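Undergrad: Work out the full structure, taking the sequences as your base and the hints as a guide.
Residue numbers (UniProt numbering), protein chains in the order written: chain B, 1 to 324; chain A, 1 to 318.
Hints were generated in silico from the structure; no laboratory data involved.
Worth double-checking, as some hints may not be accurate.
As the list claims (entries may be wrong) - Have a look at the derived ranges for each label pair, beta carbon to beta carbon:
1. A/T292 <-> B/F109: 55 to 61 Å
2. B/G290 <-> A/F124: 35 to 41 Å
3. A/P57 <-> B/G290: 55 to 61 Å
4. B/F109 <-> A/V194: 44 to 50 Å
5. A/P303 <-> B/V295: 34 to 40 Å
6. B/V302 <-> A/V317: 40 to 46 Å
Unchecked claim - Calculated cross-link-like contacts (lysine to any residue; reagent style SDA-like; alpha-carbon spacing at most 20 Å):
7. B/K150 <-> A/E265
8. B/K89 <-> B/W154
9. A/K205 <-> B/I170
10. A/K239 <-> B/I170
11. B/K315 <-> B/F12
12. A/K239 <-> B/D149
13. A/K239 <-> B/D162
14. B/K156 <-> A/K239
15. A/K104 <-> A/V70
16. A/K205 <-> B/F293
17. A/K205 <-> B/T242
18. A/K216 <-> B/L291
19. B/K143 <-> A/I50
20. A/K239 <-> B/V157
21. A/K315 <-> B/D149
22. A/K216 <-> B/M43
23. A/K205 <-> B/Q292
24. B/K150 <-> B/V168
25. A/K239 <-> B/W154
26. B/K143 <-> A/G67
27. A/K205 <-> B/G290
28. A/K178 <-> B/Y294
Just so it is clear, the structure is predicted and the values come from calculations on it, not from any experiment.
Each residue gets a CB set at the ideal place from its N, CA and C atoms; glycine is no exception.
Next come the chains, spelled out residue by residue.
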Amino acid sequence: MAGLTKEQIGGFLARQGILVAFVVFMIGFTLANARFLDPDNIMGVVRSSAILGVMALGVTFVVISGNLDLSVGSMMSFSTIVVLDLHDKIGPTLAIPAMFAMTLCLGAFIGFLVGYLKLNSLIVTLGMLSAIHGLTLTYSGGKNMDIADKEGTWFKVFGQGDALGIPVPILLFVLLAVVLGALLSKTPFGRKVYAVGGNGTAATFSGIRRARVVFTCYLMSALCVATAGLIQASRSLGSQNTVGQGLELEVLAAVILGGASLMGGSGTIFKTVIGVLILGFIQNGLLLVGLQFYVQFVVTWVIIILAVWLDIAAKRGKLWSPIA
Amino acid sequence: MKIRNALAMSTAAVTLAFAGSASAETWTIGITQNNVGVDSYQTTYEKAFIAAADANPNVDAVVLDAGGDVARQIAQMEDLIQQEVDAIIIWPTNGEAVIPAVRKAHKAGIPVVVTNSNIAEQGFDFVASFSGPDNITQGSRSAEIMCDKFKAMGIENEARVVQISGQPGYTTAIERQKGFDDRLPEVCPNVTLVETQPGDWNREKSQKVMEAFLVKYDDIDGVYAGDDNMGVGALNAAKAAGREGIIFVGATNFSVGYEAMERGEYWGSIYQSPVDDAEAALETSIDILNGTEVPFLNYFDTPKITQDNMGDFTKPVF
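TA: As structure tokens, this is what we get:
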């Protein structure tokens, strides 16, 4: 720290306030229960956060482009149920691409409605939340979906496998985060997403085809959801129809916690990943501390609000707004 | 109004004609279900109910489904009252909100049987009988299954148990937990229940909860889950962590639980058949219509199932 000036430290805090908040919570939970930092526990939390995380990556694109996606929870149930059902009918090699194709169709449909027809994304995706849930139930007839041969299938590799000593869900999450992070920060497409979300009219006058950018963002979201469904299905090799229920709000919380603006135009993949990890470690930390469940609801939100506050306070360099 | 009256009269006339032609009395029994199609239990229940009603020549069934919607269920109750059915079976979408509709049926002289999960106590005066599982007994039986197994293993004096309960606030979850919590110290006073956390009836959530338990406690001998879906989630967590020798006991035996029992990974559960549930509801209403004495809480039996006796039970369809 010796070589850094006060300004440099301040600048770092302002950029990475959420990271600082994350470290503070990690220290807090470790003090409360030493096992929190156990490598097995860390690995377990990251592995189970991978599903939420993969979904949050896609939603980050949608949110930066100035829209919302509340359909991801239902859509994840849909992909999970479809891939489990098709696994026994046409085999995993065909079931996986078929499920991706079906999920992408849903994403394309939403992208068409929001991008090309310019319908309000909140209304469209809120509607799709129940519509896709209905679709899933119709597809499955309400039954739980289970793979018959749970021991023999290679399909379990996506959720339960290891490569290089790291669980496959984590690898998929990291891989997607790196690719999508590069796409967002290093390519013309990425800059267009920020432009469309930041100032749509200006973007149009700069020759950016807004509809196409928004459409592509929803495709990315669907692609991520399909990957999440694949991990989920492979992790438990069986599922209820409601497996993704409520995840849309957790995903949105993670994205916003990472600092993306609901108004569009700001946010990064890296910060979304931090947001996802904060949520995952809060849930796990509260379980390890052994707080009574009803209290956990409240405490979770107190922590999230604290994190957002720390982030904003770091950005403006003061704990409260000077012009209140 | 005229048309509706005419309809009601013609329905009544048809019912009378039926009654006249059959040798025994014919009853029209209406049922409004909670949310068919949302899970396999309810789907199977509906099929079994229709089959049982078809098999009984003295019963005409009007089968409705509220789709989980309280307002629609109340409207369906009013329709059934309007149709002047002989008895109404209701699977409440909400234990409180349906009470006024149940009261209306009661005032119209139509006996109401509540099935599967009961309505709130202030509505009991308007209900002829409740037909369903006894969740407190289910919880105590799970405690007994677990205790018996510990005794067989010789660890009844030191075993440590964790519990994964159903969704907080739901009667079934609360009652099963109460049954388990109360019974375990009676049968196995030296077994410690170290912690209870909810798994929300969700396999994935229970897996997460169990992962945290496994990190927190080096020594877990038994897991009680409020249903097999959650129990299997916990089992998956233990398998992934390589922790062996844990005794898993659930409730509401699902096919996944039954299969895990076949593989020897899951010790036992409570067998609750949606077919028995549906048949018991129909039986209860027929008994009431025939004037047979029926207890107010008319539970159908939900026996213990373990790896030892599972051959006596068919694999659940849900």
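Undergrad: Next step is simple, just say for each hint if it's right about the structure.
TA: Against the structure, the hints:
Distance hint for A/T292 and B/F109: a CB-CB separation of about 56 Å, consistent with the stated range 55 to 61 Å. In this structure the hint that B/G290 and A/F124 lie 35 to 41 Å apart at CB holds, the actual value being about 37 Å. Taking 55 to 61 Å as the suggested C-beta distance range, the pair A/P57 and B/G290 conforms, at roughly 58 Å. Taking 44 to 50 Å as the suggested C-beta distance range, the pair B/F109 and A/V194 conforms, at roughly 49 Å.
For A/P303 and B/V295, the Cβ-Cβ distance of about 37 Å falls inside the hinted range of 34 to 40 Å, so the restraint holds. Here the CB-CB span from B/V302 to A/V317 is close to 44 Å, well matched to the stated 40 to 46 Å. Of the pairs offered as hints, the one joining B/K150 and A/E265 holds, with about 13 Å between alpha carbons and a cut-off of 20 Å not exceeded. With a CA separation close to 15 Å, the supplied pair B/K89 and B/W154 stays within the 20 Å bound.
Restraint check: the Cα-Cα separation between A/K205 and B/I170 comes to about 18 Å, which is no more than 20 Å; the hinted pair holds. Between A/K239 and B/I170 the alpha-carbon distance is near 19 Å, which keeps this suggested pair within the 20 Å criterion. Straight-line distance between C-alpha atoms of B/K315 and B/F12 comes to about 10 Å, which keeps the hinted pair within the 20 Å bound. As the CA atoms of A/K239 and B/D149 are separated by approximately 17 Å, the hinted pair is consistent with the 20 Å bound.
Simply put, A/K239 and B/D162 have alpha-carbon atoms about 14 Å apart, close enough for the 20 Å limit, and the pair holds. A C-alpha spacing of about 13 Å is found between B/K156 and A/K239, which places the hinted pair at or below 20 Å, so the restraint holds. Note on A/K104 and A/V70: the hinted pairing holds, with a Cα-Cα distance of about 15 Å set against a maximum of 20 Å. Between A/K205 and B/F293, the direct Cα distance comes to roughly 13 Å. Compliance with the 20 Å bound is thereby established for this hinted pair.
Our distance criterion of 20 Å between C-alpha atoms is met by A/K205 and B/T242, whose separation comes to about 12 Å. A threshold of 20 Å between alpha carbons decides the hint, and for A/K216 with B/L291 the separation of about 13 Å falls inside it, so the pair holds. This hinted pair checks out: B/K143 and A/I50 have alpha carbons roughly 18 Å apart, not beyond 20 Å. For the given pair, A/K239 sits about 15 Å from B/V157 by alpha-carbon distance, which is consistent with the 20 Å threshold.
Of the pairs offered as hints, the one joining A/K315 and B/D149 holds, with about 16 Å between alpha carbons and a cut-off of 20 Å not exceeded. At most 20 Å may separate the alpha-carbon atoms for a hinted pair to count; A/K216 and B/M43 meet this at roughly 14 Å. Using a Cα cut-off of 20 Å, the hinted pair A/K205 and B/Q292 holds, with the two alpha carbons roughly 16 Å apart. Of the pairs offered as hints, the one joining B/K150 and B/V168 holds, with about 18 Å between alpha carbons and a cut-off of 20 Å not exceeded.
This hinted pair checks out: A/K239 and B/W154 have alpha carbons roughly 17 Å apart, not beyond 20 Å. Simply put, B/K143 and A/G67 have alpha-carbon atoms about 15 Å apart, close enough for the 20 Å limit, and the pair holds. A hinted pair counts as satisfied when its Cα atoms are at most 20 Å apart, and A/K205 with B/G290 qualifies at roughly 16 Å. Under the criterion of a C-alpha separation no larger than 20 Å, the hint pairing A/K178 with B/Y294 is consistent with the structure, at around 17 Å.
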